[in-house]
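Colleague: Each protein sequence line maps, in turn, to chains A and B. The first sequence runs 645 to 722 under this note's numbering. The second sequence runs 563 to 945 under this note's numbering.
Treat each hint with caution, since some may be false.
[To be verified] Output of the computed footprint for chain A on chain B, the stretches with three or more beta carbons under 8 Å from beta carbons of chain A: (1) 725–736; (2) 739–745.
[Unchecked claim] A few chain A residues that don't get close to chain B, going by computed Cβ distances all over 10 Å: (3) VAL657; (4) ILE659; (5) THR662; (6) ILE667; (7) LEU670; (8) THR677; (9) SER680; (10) VAL683; (11) LEU719.
Read the hints as simulated data drawn from the structure, not as lab findings. Every residue gets a Cβ at the ideal spot worked out from N, C-alpha and C, and that includes glycine.
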Amino acid sequence: MDVRRGTGRYTTVSIPVTLYERIKSLIEGTGFTSVSQFVTYVLREVVAEMEEEKLRSEGVTDEEKREIIERLRRLGYL
Amino acid sequence: MVSRPHGGRLVDRVSRGRSRERLLAEVAEMPRLSLTEGLAADVANIAHGVYTPLEGFMVREDYESVLDQMRLSNDLPWTIPIVLDASQETLRGIREGDEIALYYGGLPLAVMRVEEIYEWNKKLYAERIFKTRDPQHPGVAKTLARGELLVGGPLLLVNEMPEPFENVRLWPKETRVLFRERGWRTIAAFQTRNVPHTGHEYVQKAALTFVDGLFVNPLVGWKKPGDYKDEVIVGAYKALIEHYYPRESVVFSVLRMEMRYAGPREAVHHAIVRKNFGATHFIVGRDHAGVGNYYGPYEAWEIFKEFPDLGITPLFVREAFYCRKCGQMVNEKICPHPEEYRVRISGTKLRRMILRGETPPPYMMRPEVARVVLSHPSPFVEG
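Just need the whole structure built from these sequences, with the hints factored in.
Modeller: Okay, here's the thing in structure tokens:
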């Protein structure tokens, strides 16, 4: 994929012209004002889902968990 | 499943054990910065992961990105800058690269590495965050009174700030364990700065019908004059939950965080924060985090469309009202009756009644809640 650095906060990503045309016609009459806006929207959704799957760690050790449960019991939450 | 923290990993910047002892020994030698209550609360919130993925106060790149794009420089949604302001006078002798001690009420709270000191345009900030430069707006007024420089950099907490509501204050690590222990997979969070009236109860219970648990998380800390005092909110909710909620389905815990009154942007901020607590859904009401007539009644709903990657599902709940014909709390989607039957439960109306010492009717406020509010000698924040 041809990726070129833009001068501002955006970068150009190439997509097939056929796909571009399909999206362009798909977004007609929707709230999306450009193909770029639509592609950014969709990619963010997909990337977030992939990141969610990738990250599993909660960062709580067994000892911390025991201490937390003890405090929660003391306060009447458990 | 409990929500993943924003950005994937819950931030923990609480110093413990020997590392804490070393920092405490060094703190006296460090340049110090005294914090307001709101900033001290931000320090604790950063350290305990409430503002995950932030590990400190924002540097310029993140600050500008949030202002312009409503995203951090790594593209994660973020709508309210978390910044430490100071005057040139108080920063005299402090340079980028220094370690400084952040104090609150004579107590060293945290050690911060100064990564960047930079200027900010407070009027531009007001325009972007509050959508107005009007100094009558409480958030704008507060912004204009802040220091002229911002200090960004990561921090480590060395002491907890005193918390009068310690017994009902939980951090994200704790709520995440709690929700799992209770076996909740879906959790609806409710943000509030008010004592509950029947409209709030309706909205919360409507949400609870479809999820495993309800997380009621009122803000305590600075609020504008006329808002309810913290202890009144806490007392009122305790009474409501004790008498009217299934206790095994509700978690009540306070969050010390200032109201910004930034309407739509703040609604997203409130959602992100509750995602870090583990909530999977966030209730967005009418005129969420609004004040006066600065924002449209459902403007806060619109902004969520810009964040398909937020990672928490907003629940848009319409304003509830009492219908005399239905004989219960309803909303316009489920009630066919005309306006003449509808009684709006307005916060302003309730405030006026309370100020006159009148007990609101039960269809507006539960008697147990009204008793808590009316028994307080001065339930509202004074100017």
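Colleague: Now, for every hint given, state plainly whether the structure supports it.
Modeller: Each hint, compared with the structure:
Counting residues of the stretch 725–736 of chain B whose beta-carbon sits less than 8 Å from any beta-carbon of chain A gives 5, enough to reach three: the coverage restraint holds. Coverage of a stretch by a chain is defined here by at least three residues with a beta carbon nearer than 8 Å to that chain's beta carbons; for the stretch 739–745 of chain B and chain A the count is 4, and the condition holds. Once the 10 Å rule is applied to beta carbons, VAL657 (chain A) is consistent with being away from chain B; the minimum gap is 14 Å. No beta-carbon of chain B comes within 10 Å of the beta-carbon of ILE659 (chain A); the shortest separation is about 19 Å.
Listed as a non-interface residue, THR662 (chain A) keeps its Cβ farther than 10 Å from every Cβ of chain B; the least gap is roughly 24 Å. Every beta carbon of chain B lies more than 10 Å from that of ILE667 (chain A), the smallest distance being close to 16 Å; the non-interface claim holds. Non-interface status of LEU670 (chain A) relative to chain B is upheld: no Cβ of that chain comes within 10 Å, the nearest being about 16 Å off. The beta carbon of THR677 (chain A) sits about 13 Å from the closest Cβ of chain B, which is more than 10 Å, so the claim that it is off the interface holds.
With a closest Cβ-Cβ approach of about 14 Å to chain B, SER680 (chain A) is found to remain outside the 10 Å limit, as its non-interface label requires. Listed as a non-interface residue, VAL683 (chain A) keeps its Cβ farther than 10 Å from every Cβ of chain B; the least gap is roughly 12 Å. Once the 10 Å rule is applied to beta carbons, LEU719 (chain A) is inconsistent with being away from chain B; the minimum gap is 6 Å.
The structure shown violates just one earlier hint, number 11.
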